[in-house]
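Throw the hints in and build the complete structure from the sequences for me.
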Amino acid sequence: MTKKAMYKLVGIFACVYAAFCLTVYYKPQLFFYNPSMQKSVLPEHPGFPAQEVYYKAEDGTPLYAWYVKPREGKPVVVFLHGNSYNIEGFYHKLIPLVKEGYGVFLPEYRGFGGIEGKITQPGLEMDTRAALKKLRRLGYSNRRIVLYGMSLGSYTATYAAAEAGKKQPFAGLILEVPFDSLINVVRKRVWFPLPLDLIIRDKYENQKNIAAVKTPLLVMGAGKDRVVPVELAQNLFAEAAEPKELIIYEHGSHSNLFDSENYKDILVWLENNEKTRQ
Numbered sequence: 000m001t002k003k004a005m006y007k008l009v010g011i012f013a014c015v016y017a018a019f020c021l022t023v024y025y026k027p028q029l030f031f032y033n034p035s036m037q038k039s040v041l042p043e044h045p046g047f048p049a050q051e052v053y054y055k056a057e058d059g060t061p062l063y064a065w066y067v068k069p070r071e072g073k074p075v076v077v078f079l080h081g082n083s084y085n086i087e088g089f090y091h092k093l094i095p096l097v098k099e100g101y102g103v104f105l106p107e108y109r110g111f112g113g114i115e116g117k118i119t120q121p122g123l124e125m126d127t128r129a130a131l132k133k134l135r136r137l138g139y140s141n142r143r144i145v146l147y148g149m150s151l152g153s154y155t156a157t158y159a160a161a162e163a164g165k166k167q168p169f170a171g172l173i174l175e176v177p178f179d180s181l182i183n184v185v186r187k188r189v190w191f192p193l194p195l196d197l198i199i200r201d202k203y204e205n206q207k208n209i210a211a212v213k214t215p216l217l218v219m220g221a222g223k224d225r226v227v228p229v230e231l232a233q234n235l236f237a238e239a240a241e242p243k244e245l246i247i248y249e250h251g252s253h254s255n256l257f258d259s260e261n262y263k264d265i266l267v268w269l270e271n272n273e274k275t276r277q
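Residue 0 is where the sequence shown starts when you use numbering that gives the first Met the number 0, and the numbers rise one by one after that.
It should be emphasised that the hints constitute simulated quantities derived from the structure, not laboratory data.
Please note: incorrect hints may appear among the correct ones.
[Unchecked claim] Straight-line Cα separation of at most 16 Å, EDC-like style, residue types lysine to aspartate or glutamate; simulated pairs:
(1) K98 <-> E270
(2) K92 <-> E260
(3) K38 <-> E87
(4) K133 <-> D58
(5) K68 <-> E51
(6) K202 <-> D258
(7) K207 <-> E124
(8) K243 <-> D264
(9) K117 <-> E51
(10) K132 <-> E57
(11) K263 <-> E99
(12) K213 <-> E238
(13) K92 <-> D258
This is the structure we're talking about:
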C-alpha cells in the first residue's frame, strides 16, 4: 500500500469514527432506547383490574399510568420499566402481586406508549417525580410505596429513593437486572476504544445514587444476562447500605426472570419487609 493510499484510508476511518461519536452524542435515541410509541391499551384481565390515571410532568407533558388499588394495609408497588416497549409489555409481571393484595402503579415515560417527547435522563427523572406526586395525591405516603425498577428503570427507581433519603424513605426498593452506570454497560459490549465519558451525555450513574438510599433493598441479577452483565448488578449491590439482599438467577437472562419465577422471591421479600417494618 502506498503512503497516499494509507493516508486516505486513515482519513476515511477518522471521518467514520468522528461521525459515529457525534451520532452517539446527538442521537442517543438510536443506540440506547427501543420504545414502542403505540398507546398502551388497558388489558381486560381478571387478575389485573387496573384503571388509567392521568397527570402532568413539571414541564406540562401529559402522562398516564395504570393503577390497581391495594387491599387495606398493603403497599403500592411502582413498576418503572426499562428502555424498551411500553407499559403494556410489562403488566403481566405484576399480576402475582395483585393476587396477593398489593397495589400496583405502572407509569409511562415520555417517548413511550404514545406520549410525545424525547427520551432523556432529565425527562425520565421528571416523569418519575410526577408519577410519585400523583400517588401522593391519591393518598399514599412514601412509607406505603415500594419502588420496583427493571433495567433502565433501576436508575429511575434508585434516583427516586435517593431523593427521598432519610427524611421520607420508601417502604422498599426492588431492582431487577440493574447496572451501576450506562457507561459500564457500553464498555462491556463495545470492543473498540471510544471516549464514552464524552459522547454519552445521559450516563444513568446508579452507583452515585445508591449510597444515598435509606430504603430496604432487593437486587435481582441474571447469570446469563447479555444486555447487563450480572457483575454490574453485583457492583451496584456492593455500594448499597444495609438492609439489602442479592439474588442471582444463574440461568436467567435479561428479560426472562419472570419465567424464572422471581415473583415468588419478590413476594417473600415483600412479606418479610412488611413484618420488619411493623
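What hints, given by number in increasing order, does this structure fail? 6, 9
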